[in-house]
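Build out the structure end to end from the sequences listed, making use of the hints.
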Amino acid sequence: MQGETGGRSDGEIVRAVLAGDRERYAVLVERYRDRYARYAARMLGSADAAEDAVQDAFLRAYDQLAQCQDPNKFLGWFFLILRNRCFAEQRKYRSQVSLDAAAAVPTSDRSDVGTETAERRRALQKALMELTAEQREVFVLKHVEGLSYIEIAERLNTSVPSLKMRMHRAYDRLREQLRDHA
Amino acid sequence: MTQHEFDPRVKQLLDGELTLADLPAELRAEGEEALRLLAAVDRASVSVPAVTWRVMAALERRRRRLWWLAPAVAIAAAVVLLLGRPSTPPTTLSATVVTVRFVLVAPGAHQVSVAGTFNRWDPSATPLVRSGTADTWVATIALPPGEHQYAFVVDGARWVPDPAAPAVDDGFGRRNSVLTL
Amino acid sequence: MMRTGMILGLTLFATTLDAQQTIGERLTGRVPSEIAALVQELGGAAASRGLPVDPLIQKAIEGNAKAIPADRVAIAIRGVVAQLDSAAAALRDAGVASPVDTLEIAAGGFAITAGLRGRDIGELARTGRPTSDVIVGLRVAGTLAAMGVPREETVRLVGSSLRAQQAPGELLTLPGRVQSEMARGATPAQAAAGLARAAAAQARHGPPPDRGPPPDHGRPPRPLAPPLP
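Protein chains in written order, with our numbering: chain S, 1 to 182; chain P, 1001 to 1181; chain G, 2001 to 2229.
Calculated directly from the structure, the hints in this document are not laboratory data.
Glycine included, C-beta positions come from ideal geometry on N, C-alpha and C.
Do not take every clue at face value.
[What the hints assert, rightly or not] Calculated lysine-lysine pairs in the BS3-like style (CA-CA distance at most 30 Å, straight line):
| id | chain 1 | residue 1 | chain 2 | residue 2 |
| --- | --- | --- | --- | --- |
| 1 | S | K73 | P | K1011 |
| 2 | S | K164 | P | K1011 |
| 3 | S | K126 | S | K164 |
| 4 | S | K164 | S | K73 |
[To be verified] Simulated restraints on C-beta separations:
| id | chain 1 | residue 1 | chain 2 | residue 2 | range |
| --- | --- | --- | --- | --- | --- |
| 5 | P | V1129 | G | P2032 | 26 to 34 Å |
| 6 | S | S159 | P | G1016 | 13 to 21 Å |
| 7 | P | A1164 | G | R2117 | 20 to 28 Å |
| 8 | P | A1134 | S | R35 | 24 to 32 Å |
| 9 | P | G1016 | S | T132 | 48 to 56 Å |
| 10 | G | Q2179 | S | T132 | 47 to 55 Å |
This is the structure we're talking about:
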């Protein structure tokens, strides 16, 4: 809530923390913890893993706060830290992930979602876990987070054509996975 | 595995650059399959409220480890003694009360009190008095069973957890001592 | 008199705001008005979810006493709510009969503050002991975690003690006994493991002969967990 945080901008808070007001960092964490939890959950296939990843990323960001080039662009900088953490997790647990994904995937809490929809959601998340991390990421950023190719390209510092190539391969692999396990 | 590849126009549909109506008749079924795939995307938000206090607690733990490198502080020792429980079973609805003695060795202190969940964290509610040596401060109070958190308050402003007691994060970047009766 | 209608209306109004009035009474004059308002808002919502409100009030008063800035206190209070929600969810998942006792939720919340996770709370609740004993078990588990006993060892020790039918008085001696072992040079984990083995042996051979069967406190019967290997 803006009122509680005093309406301070990200840049002001980062500068305050760097100047020694460590406790103020909690305001940033509270402000953004959920926003990237979804990205992490879809990337890692588990809400628990997402929680750990977001927690680690905030700790890492705190440690490296002095290296944040532009305090006003904390979010974009933080995202890259979280992204690295998610990719590192992938490499570590590649063999486990595809087994755990189906079991641990967070299904929607909404009670109006029928079991058939929940099943299809689970199936797609499981299929997503079979993609490479890069393919899964572009799919999640576009279709879960709702970013445009241009926005994704900016965030990941890459080109739209290479993103589209990655995404189109992802579409095909998803189709293959869903058909094989229908 | 070309049978699994979507037609490039269906991929454009998936990208949001074409609509189903834009596709030729022979691609409609494939287009619908693609849209069903997108419909299965879970966009539900994920809430992780625990992250906030866990991050701040972890940062505080790191600071405490570094604290040991700092010059020695004035507080030398603190002891909380349980003076035993009454042997008779409780006769009232509220359960047995336990007498607890708080002891703090605080050289140079002018005023010491203990504040916690049992006295609404009021630094003036439970003052300790000097006992024996000038550095030893003592207070004896009766507490109900349950989990109590507390800290010593030295000279009205310095909050000091009990070094000998178990401690938990207080949510404000410091530690509270724990007394479980 | 014309005032009768208004009084009735106010009575209804007051009833629905009961929880929030209590909060208001306890906080007025003790904390800044914005914090009181936040606790009323969060406390009312928490109460309707079956959560205890006292931990929120305590945290607000504590923050004020320690001269913590209001926005930090607000975050801490939200943290308390999150911990209570976690504890309540864990207890429900463990099959604790609804509505879950608010003291049990508060005890679980404390254990989470001390570093335990939801699944640890659930494991202790699944020992099949009556609510009053689980409450003590959760408080003791939180205390052990606060002493540095790792989560696994904490759950093993308190869990096996509960399954060994230890009375609350005995459970409460666990932190002191772990402390004694640590004074002799054991690490917190070693101290807890040693006591857990003793409790497991007790569970295998049944409670001491001078105690009767555990009292049935009206909860549905639940099979005791198998003894530890």
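| task | Starting from K164 of chain S, check that the Cα of K1011 of chain P is at most 30 Å away, please. | result | Answer holds: K164 of chain S to K1011 of chain P is near 10 Å, not above 30 Å.
| query | Regarding the pair K73 of chain S and K1011 of chain P, is the alpha-carbon distance no greater than 30 Å? | reply | 33 Å, violated
| request: Measure nothing beyond the straight line between the CA atoms of K126 of chain S and K164 of chain S; if it is 30 Å or shorter, mark the hint as holding. | output: OK: K126 of chain S and K164 of chain S at ~22 Å, within 30 Å.
| message | Against the range 20 to 28 Å, how does the distance between the Cβ atoms of A1164 of chain P and R2117 of chain G compare: consistent or not? | response | 27 Å, holds
| Is the hinted range of 26 to 34 Å satisfied by the C-beta distance from V1129 of chain P to P2032 of chain G? | The hint (26 to 34 Å, Cβ to Cβ) holds, given that V1129 of chain P and P2032 of chain G are roughly 33 Å apart.
| Are the Cα positions of K164 of chain S and K73 of chain S separated by 30 Å at most? | 26 Å, holds
| field | Cβ distance range 24 to 32 Å for A1134 of chain P and R35 of chain S, holds or violated | value | Once the Cβ atoms are compared, 56 Å apart, the range 24 to 32 Å for R35 of chain S and A1134 of chain P is violated.
| Verdict for S159 of chain S, G1016 of chain P (Cβ pair) under range 13 to 21 Å | 19 Å, holds
| Do G1016 of chain P and T132 of chain S keep their Cβ atoms within the hinted range of 48 to 56 Å? | 23 Å, violated
| field | Q2179 of chain G versus T132 of chain S beta-carbon gap, inside 47 to 55 Å or not | value | 52 Å, holds
Comparing the model with each numbered hint stated earlier shows that hints 1, 8 and 9 do not hold.
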